[in-house]
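Listed below, chain by chain, are the residues.
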Amino acid sequence: MNTKHVLNGLLQNKFLTLPAYERLLGELYPLNAGKWLSARLLWAGAGFVLAGVICFFAANWQHLGQMLKLGLPLAGLLACGLGAWHKGVQNAAGQAFGFGAGVFIGVFLAVFGQVYQTGAFVYQLFGPWCLLLVPLAVLLRNKWFWLMTVYVGAVYWISKSFSWNPTWPLWYGINGLFIAAWALAEVLVRQNGRVFCRFLWVPFSVFNLYFALMERVYFAKEWTFLIFALVFAAAALVYAWYSKDLVLWAWNAFMLAGLGSMWAAEVLPFYFFISAGFFAVAGGAVAWAWPRLREDKHHE
Amino acid sequence: MNNEQILQQVEPALRQQAKAFLLEQQKTSPLSFLLKALLFVGALCGAGLLVSGFFSLFSARHFWVQGVLFTGAGWFFLYKWQADQTALGLFLRQLGGLFVLGGQILFMSELDTWLGYQYWWLAALIIAAVSYPLFRSSFNRFFWCALAVSLCCDKLIDDLSLGATACGLIGLVLFAAGAWIFIKRRFTFYPLAYALLWGCAWVGGVDAFSHAPACFNGVNWLLAVLAGVYLYKALAGHKKRGLGVAVGAVCALVLNWPSVLALAGMYLGRRLRENVLEWLALAGLVCGLVVFYFSLNISLTYKSLFLIGPGVLMLWARSAYAK
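In the order they appear, the protein sequences are chains A and B.
The opening residue of the first sequence carries number 60 in this note's numbering; numbering runs sequentially from there.
The opening residue of the second sequence carries number 99 in this note's numbering; numbering runs sequentially from there.
List time: in silico DMTMM-like cross-link candidates among lysine to aspartate or glutamate, alpha-carbon distance up to 20 angstroms:
1) A:94 to B:376
2) A:73 to B:109
3) A:63 to B:122
4) A:63 to A:86
5) B:282 to B:372
6) A:63 to B:372
7) A:63 to A:81
8) B:282 to A:86
9) B:282 to A:81
10) A:73 to B:122
11) A:63 to B:376
12) B:178 to B:122
13) A:63 to B:102
14) A:94 to B:372
15) A:73 to B:102
16) B:117 to B:102
No lab work stands behind these hints: they were computed from the structure.
Please build the complete structure, drawing on both the sequences and the hints.
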């Protein structure tokens, strides 16, 4: 229980007066208005300027010359590269410049394709972009950058495999949701040693779900994707158990429940009840594994 | 600062009781957020299965009986395992809370049929008023209060065909009421305070959709007058706050009212050390600014300059402030 909760409890039970409570709170958590305001002004200011610059070029794109169109992302790439070199890639600012460079590579490829009308498919942009991101990812050693690289590669693979169809927004939604959930898990359980395998696993688990969905929507008679997804998730569950990774265990258990629900929707009656049953079993599996895989248990 | 130092601030006559209270609090080891979330998924599935099973058996009949049954069962779970701080106790309490929620929804449905569907707002208000003292779950309190506030505001705006100014005034009143609860530290009423802020955001949304593109500007003059009065008082007393309030007054004149109130919410959250309030206000500010941007009736080039200008100003203010 943190100190603020202690103070809240004392005030609520009338052991403290309101002025005494405010005084203690002020001593415990000094306002430091300068630091607070400075951080917010930096985020807001940078965000406004960036949004304004993007809007400015978007508004005047048709009137820009080819050289300028190609030169802008190259200038951005150069500026970010110089910034990263100047600050050093181990520095937070240097890593931010590295991210900027990664984004500008993609922007340059997109502009190149548009200016010269290369006739390439959209997915062909993502393949080279992913390849060019890999050396940067190795240099930066940043898990978020690796995630971006894997994500770009995923877009390439998926869009190469299937032509554009209306389920694409759904796929992006699912992908985004899984990445957000993974990020939450990262924040909640800071286990730096095991981060890498988890974050590589997450995009693959997204493919699992996506392929299973695609199979259900477009290839009703093909069971390959669903079987592959189930085998992969089950294998990952076993891996999570042996590596004593609770988050991965929980993730896999719920993934299996989701895949099981899809299967149930295809072949079984009372789909809702069976799906809820699968998720309840997954919850039970997590509750069962909790005391066995818990972090502090390993250190006892 | 440890507990002993905190206890020094307690009146001597109450110190022993306060010490016993703190020792009791320390006995319980809080469960992690992840475990709580996972247990909640399980409780949601369990409660969903049971409620939908009952519904499929009895269909839309005997809602009163089903409501009493679920609310009663939920009540039993909540109070039987009230003191159990283990994961099992938490799971059963979550299950109880969801049973109660299911029962309340059935009650509301029955009330709707009884009162007539045009009185949704009254049904929600009755459930919220009766449930608040009976169930201590923050989520339950917030849910019903937020529903009641949203439906009441909708009813008011639709029936009286209120314009942008009236919407702004309603938003202002809701925000002021919520802020008052936070400032007075009435912890029991925090769910109500969050519901009032939700209502404020709801009215903002209704205003944006109903009165676009000329929405949100109705109460700028009032906000600017309020900021001006505060500025006058600040200049008379604490001169340091003068610049901040002057910026606030300009914002109040230029921006839409949800963005201004969100800025005030961020300030309030920071002053009161209420992080949740501050983050919610930040989310509100982003939404308010997005709506503001799209409501500007100027070309994209001017819009981009409109973004770059304040951005540069903010970065300059930051560097000047740092010096």
